[in-house]
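Here the protein sequences line up with chains A and B, keeping their order.
If you use this note's numbering, the first sequence corresponds to residues 4 to 414, in order.
If you use this note's numbering, the second sequence corresponds to residues 4 to 414, in order.
Since the hints were made in silico from the structure, they are not lab data.
Incorrect hints may have been included.
It does not matter which identical chain is used: a pair holds within one copy or between any two.
[To be verified] Think about it this way: if two alpha-carbon atoms lie no more than 30 Å apart in a straight line, the pair counts; the simulated BS3-like pairs of lysine-lysine are: (1) LYS64 with LYS364; (2) LYS150 with LYS52; (3) LYS104 with LYS203; (4) LYS232 with LYS52.
All values reported here derive from a predicted model rather than from experimental measurement.
2 protein chains.
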Amino acid sequence: MLNLSAEVINIGDELLAGHTVNGNAAWISRRLRSAGIPVTRHLVIPDEKEAIVRALGNVHKETKYVFITGGLGPTGDDRTKAVITSWFGDRLVFMPEVYEKIRDFFRARGRTPSPANREQAWQPEHAELIPNARGTASGMIFRKAGKHYYVMPGVPYEMQTMMSEYILPRLQRTTGIRDLELQINTFGIPESELSDNILKHYPGIEKDIILGFYPSLRGITLRLHGTEKAPVRDYHGKLQELLGDAVYSLEGESMASCVVKVCREQHLTLATAESCTGGRIADMITDIPGASHVFREGYVVYSNEAKGRLPGVDPAVIREHGAVSRECVEALARGVREISAADIGVAVSGIAGPSGGSPEKPVGTVWIAVWYGEQMHTRQLSYDRGRRNNKEYAANSALNEVRLVLHGSRR
Amino acid sequence: MLNLSAEVINIGDELLAGHTVNGNAAWISRRLRSAGIPVTRHLVIPDEKEAIVRALGNVHKETKYVFITGGLGPTGDDRTKAVITSWFGDRLVFMPEVYEKIRDFFRARGRTPSPANREQAWQPEHAELIPNARGTASGMIFRKAGKHYYVMPGVPYEMQTMMSEYILPRLQRTTGIRDLELQINTFGIPESELSDNILKHYPGIEKDIILGFYPSLRGITLRLHGTEKAPVRDYHGKLQELLGDAVYSLEGESMASCVVKVCREQHLTLATAESCTGGRIADMITDIPGASHVFREGYVVYSNEAKGRLPGVDPAVIREHGAVSRECVEALARGVREISAADIGVAVSGIAGPSGGSPEKPVGTVWIAVWYGEQMHTRQLSYDRGRRNNKEYAANSALNEVRLVLHGSRR
């Protein structure tokens, strides 16, 4: 008896060698769950005939949907397509209309397909093909004994586009049931404090609802889920109230996305002067479509000379207090707002590591300043998580500071 | 007949829900492979008795080593230990010496164990226990029918410490053979072209050596491996020669790391003017320790006014040719070199999407300029992979351009 559950099979030697982390399985699972389809197994196997045949034969009898990625590229080490096609009793035929699309794809890029790309026009005669908007390998849908098998390329953005544009909309129409999952994205409160606070106010609530904590450099995300919707919604509301300003999103948006949204609503512009974050704040902001309405310019003032090029940043201040100081970031925030004529000036200076620390200012020491209206808001961080993580955390902290200032929580 | 191969079983609902990406499987696989033990399968299952029993029963008959993570924590939803212990015909007994260690662990942190932590002193009577230097859940080793089963917590640093300090040193003593793996990191040649070119020159070589292609926004990595070292090294040398300037590393370094290294060797400094990449180039460069020797400052010139603030960038040029044009990036590259007095000026302007494209300049159109010595080097990209990916690819392409210029390949 089939149920509405799914298994994910990822084919790829690079996964088994550990060179690539299996982000595809996580991505597919998250999307399927939100469409009401729980994933009960992930399986990673090598790109070898025997392993593929064994995996197809071992799918649990109760599973309705099977999602397979990998091994559809144009190179010789990809044999998935032939093996899978033959397992379903189908055969590969040359499809001129598929080849036409491959040629179009290359033509649009001023190139011509290689013989290896021509191979990609061989497709199973009786499978349903899934168009690939971002590459040359078609996806395939096979059906057998009531099960549906979706075969997609392993390249994440090609697979994701196929899932989002072709597969998920259909599945969402099929499934009615839905496990309700809600989230709360928080920043600035440590996990243990968050958990103690919740437990103190709602000690017994876990009986009906599953609550999980997911910490990262983007803060801590709380996820609540259960099949009874009303209590999940009710608890979600109570936790939001309890956690107050620490909550920056209920939808998993990035901190940058929240800041861009608030700035657009309030018709405010923002400019950055970054030292230790090295451009990461600007990078985060410009990841958001429509960022150009809010963000006009940023300065990566890595050297002291570069800092001194911003108006009003006195080299004497840096000499006296150091580049990693409240005085320096305040001057940078004022300077960048002045030169850009933005409404908000944000500045960060710190010691990203691994070297450059001292007993007074150890690696991980970061100063943040936000200059808005006639108010200067500053904050100091001190926690070393390694160079890249220090940059990432400082950038998120600076954006969080902007959010709190615009929310009126910091005065 | 058992062979020296391994399977990894990760138990965890958070993995199947897609909230956590399975970094443990990749980490374990990488380490095992370097100890001469290839991993042939990853399996992720829920923390449920039936699923655990099914997975243990389905380990391939030829596999000698099984690595299991997850489900050993102190919280109530973890039932792995009981299920596994009973599957091996063993039983849990309270071990005072284990409880003593748990108490020491808490004492060192100024805390006392909870009743849930006391549960962790119940351990299988006949299994070998693996001490946990970083937490309270012991690891376990079971042996059955010649196979070895290593059961570890799912918390990455606890598992990694057990592997590195206890398990891997023993395995390395057991296995003599070691698979040699070498890599070649390339940029700028499409996968199909790369593969055709290699096949044309070395059509038969794959018999002895396994060659894989791993494409990403950082370019395409070739990985070669085999058990006979001399032919792998020989082929590695031949491919490097064949691929010439497309090769930027043999050690998996980032493009930014290569550029910082070359600049330091040649005592050159670099400054950036970024529009569509929004600071990502500066961010990539400043991820590299020691970047401050090379990188002094960067400008994120998102708006046209910001572009016009760089010396010599004439607003008329932008009006006439547009901000996404050869003329504009050339002016930006000159301007940023002038203001910073750096040796190399790098500029990027393009349409990251999803909106802003036109028939003449579709989303994905990017211009790159590198101004070095008295030479201007420009390149145009046109390939839409989605906003974030477009930024990432353009940033890597710009850094690659610097590398080629300094290598003397672009004149």
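These are the hints, each one checked on the structure:
no., hint, verdict
1, LYS64 with LYS364, "neither (58 Å within a copy, 51 Å between copies)"
2, LYS150 with LYS52, "both (21 Å within a copy, 25 Å between copies)"
3, LYS104 with LYS203, "between (60 Å within a copy, 26 Å between copies)"
4, LYS232 with LYS52, "between (45 Å within a copy, 26 Å between copies)"
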